[in-house]
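Enquirer: As a plain string of letters, each chain reads:
Protein chains: 2
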Amino acid sequence: MPKFEVCLSPDLIHLYDLKGKNAIIVDVLRATSCMVTAMAHGIAEIIPVSTIDECKALQNKGLPAAAERDGSKVDGFDLDNSPFSYMAENLKNKTIAVTTTNGTQALVKSLSAETVLVGAFLNIGAVSKFIIDSNRDTVVVCAGWKGNFNLEDTLFAGALAEKVINHFDIGQDSAIAALNMFESNKNDLLAFVNKSQHVKRLANLHIHKDIAFCLTFDLYNSLPIYKTDKLINFTK
Amino acid sequence: MPKFEVCLSPDLIHLYDLKGKNAIIVDVLRATSCMVTAMAHGIAEIIPVSTIDECKALQNKGLPAAAERDGSKVDGFDLDNSPFSYMAENLKNKTIAVTTTNGTQALVKSLSAETVLVGAFLNIGAVSKFIIDSNRDTVVVCAGWKGNFNLEDTLFAGALAEKVINHFDIGQDSAIAALNMFESNKNDLLAFVNKSQHVKRLANLHIHKDIAFCLTFDLYNSLPIYKTDKLINFTK
Numbered sequence: 604m605p606k607f608e609v610c611l612s613p614d615l616i617h618l619y620d621l622k623g624k625n626a627i628i629v630d631v632l633r634a635t636s637c638m639v640t641a642m643a644h645g646i647a648e649i650i651p652v653s654t655i656d657e658c659k660a661l662q663n664k665g666l667p668a669a670a671e672r673d674g675s676k677v678d679g680f681d682l683d684n685s686p687f688s689y690m691a692e693n694l695k696n697k698t699i700a701v702t703t704t705n706g707t708q709a710l711v712k713s714l715s716a717e718t719v720l721v722g723a724f725l726n727i728g729a730v731s732k733f734i735i736d737s738n739r740d741t742v743v744v745c746a747g748w749k750g751n752f753n754l755e756d757t758l759f760a761g762a763l764a765e766k767v768i769n770h771f772d773i774g775q776d777s778a779i780a781a782l783n784m785f786e787s788n789k790n791d792l793l794a795f796v797n798k799s800q801h802v803k804r805l806a807n808l809h810i811h812k813d814i815a816f817c818l819t820f821d822l823y824n825s826l827p828i829y830k831t832d833k834l835i836n837f838t839k
Numbered sequence: 604m605p606k607f608e609v610c611l612s613p614d615l616i617h618l619y620d621l622k623g624k625n626a627i628i629v630d631v632l633r634a635t636s637c638m639v640t641a642m643a644h645g646i647a648e649i650i651p652v653s654t655i656d657e658c659k660a661l662q663n664k665g666l667p668a669a670a671e672r673d674g675s676k677v678d679g680f681d682l683d684n685s686p687f688s689y690m691a692e693n694l695k696n697k698t699i700a701v702t703t704t705n706g707t708q709a710l711v712k713s714l715s716a717e718t719v720l721v722g723a724f725l726n727i728g729a730v731s732k733f734i735i736d737s738n739r740d741t742v743v744v745c746a747g748w749k750g751n752f753n754l755e756d757t758l759f760a761g762a763l764a765e766k767v768i769n770h771f772d773i774g775q776d777s778a779i780a781a782l783n784m785f786e787s788n789k790n791d792l793l794a795f796v797n798k799s800q801h802v803k804r805l806a807n808l809h810i811h812k813d814i815a816f817c818l819t820f821d822l823y824n825s826l827p828i829y830k831t832d833k834l835i836n837f838t839k
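Line order of the protein sequences matches chains A and B. According to the working numbering, the first sequence is numbered sequentially starting from 604. According to the working numbering, the second sequence is numbered sequentially starting from 604.
By construction, these hints were calculated from the structure, which means they are not laboratory data. Be aware that a few hints might be false.
Chain copies aren't distinguished; within one or between two, either way the pair holds.
Taking lysine-lysine pairs in the PhoX-like style, the calculated list, with each CA pair at most 25 Å apart, reads [said to hold, decoys possible]:
(1) LYS659 to LYS622
(2) LYS803 to LYS664
(3) LYS697 to LYS676
(4) LYS789 to LYS833
(5) LYS606 to LYS798
(6) LYS749 to LYS712
(7) LYS803 to LYS606
(8) LYS712 to LYS695
Start from the sequences, fold in the hints, and give me the full structure.
Expert: Okay, structure coming up:
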């Protein structure tokens with residue numbers, strides 16, 4: 604059976620050899636939830652970049668651009684980090700540029716993988732189907748918060764582990780821990796996530812609606828996948 | 604209330620500012636369990652070093668020396684990494700030198716802390732009493748395995764969090780996760796630890812007796828604490 608592993612922070616990515624594997628990037632609150640929502644609502648391509656400057660350069664070329672730092676929209680950009688912003692009719696079939704505090708950084712660090720996928724609770728079914736079909740070793744790369752472990756991304760890793768447990772070897776300690784944490788909290792995921800530092804950090808940004816939305820399972824079938832500098836929708 | 608935080612791997616230690624804080628080094632299987640046992644059985648001082656060469660140099664000066672790599676004793680040294688080896692009558696009042704794969708590395712990385720303590724299930728009561736009395740911000744530094752997260756050290760962090768929950772702010776995501784993992788497994792800690800990579804790795808070394816011993820709560824009152832290049836027993 605292929606291995607299912609969980610990298611709890613981008614600052615631990617040096618411990619993983621991603622060659623030949625699937626890397627699933629997850630930043631539940633809210634970068635990867637936004638990307639999945641965007642593609643479900645018809646956005647054609649997403650260009651993820653590390654820096655504000657790169658994002659600004661793409662915006663100057665005419666792309667709608669989203670830049671988030673520390674949970675807030677950076678001044679001068681078109682889109683914020685709420686999934687509801689990616690449902691707009693005028694974004695359909697567009698290519699957009701995105702940079703975020705954690706999610707896009709984790710993605711850029713994982714490009715040595717055979718396949719780089721974007722995961723969220725919103726598309727967990729599509730992600731699990733893809734990795735089961737691929738029959739490849741898989742690493743969930745939790746975006747965390749500025750290098751720190753976080754609850755919500757690890758819960759996603761645990762939820763995915765539960766979904767694929769009959770198809771993968773889940774013997775790595777961090778995968779076991781993620782699975783255990785998900786199983787012991789799945790009956791009230793929102794209550795557990797509400798304890799997290801991220802939710803406390805963002806409490807004054809009024810994102811409770813976003814948080815509940817981002818914890819919805821299988822709302823979308825979209826699956827952003829990285830191909831030559833862009834994310835495209837695998838399930839389109 | 605002071606903060607109680609958990610650093611899940613020495614490879615994440617750069618995210619923590621330990622100045623003015625307690626750092627509790629934990630390597631349940633088996634370095635810190637050995638140190639706590641050693642001091643409970645009358646060993647006077649432990650000199651932790653990073654490398655085999657440093658350890659050999661101290662052995663050449665006449666100190667009993669313990670060197671472990673990958674779970675096994677390094678050839679030419681006096682002591683292995685089993686707590687039962689540290690109960691010998693002829694070690695009483697001696698100073699010993701120790702290097703291990705993970706535990707001593709984590710300790711050496713944490714020396715900027717105000718106080719560096721050695722924790723294990725075996726002395727968890729002494730550790731909790733010390734940090735409550737200190738009323739200082741505290742970081743549990745999990746030794747892990749070669750930079751990787753592990754179950755047993757995180758379980759210790761969770762057990763300690765539960766003990767001090769009325770005296771510390773346990774709001775950091777990794778501390779919440781450790782507490783949650785301990786609480787959902789405390790009724791059968793051994794069964795959960797038996798799933799771990801470390802136990803599987805060491806299965807052929809016949810250390811099941813060691814593992815059960817290392818999961819014993821509060822067997823000893825000893826508390827190794829770092830003072831000028833050595834660990835001494837705070838509660839002696």
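Enquirer: Next, verify each hint and record whether it holds.
Expert: Against the structure, the hints:
With identical chains, the CA atoms of LYS659 and LYS622 are never at most 25 Å apart, being 31 Å at best within one copy and 38 Å at best between copies. Proximity of LYS803 to LYS664 under the C-alpha cut-off of 25 Å is found in neither arrangement, the shortest distances being 36 Å within a copy and 54 Å between copies. When the C-alpha separation of LYS697 and LYS676 is checked against a cutoff of 25 Å, the pair qualifies only within one copy, where the shortest distance is 20 Å, while the shortest distance between copies is 61 Å. Proximity of LYS789 and LYS833 under a CA criterion of 25 Å is satisfied in neither setting, with 33 Å inside one chain copy and 46 Å between copies.
Proximity of LYS606 to LYS798 under the C-alpha cut-off of 25 Å is restricted to the inter-copy arrangement: shortest distance 15 Å between copies versus 31 Å within a copy. Both within a single protomer and between protomers do LYS749 and LYS712 lie at most 25 Å apart by alpha-carbon distance, with minima of 13 Å and 20 Å respectively. Taking CA atoms no more than 25 Å apart as the test, LYS803 paired with LYS606 passes between copies only; the shortest distance there is 16 Å, against 34 Å inside one copy. In this assembly of identical chains, the alpha carbons of LYS712 and LYS695 never lie at most 25 Å apart, being 28 Å within a copy and 51 Å across copies at closest.
Violated hints, in rising order: 1, 2, 4 and 8; the structure is consistent with all others.
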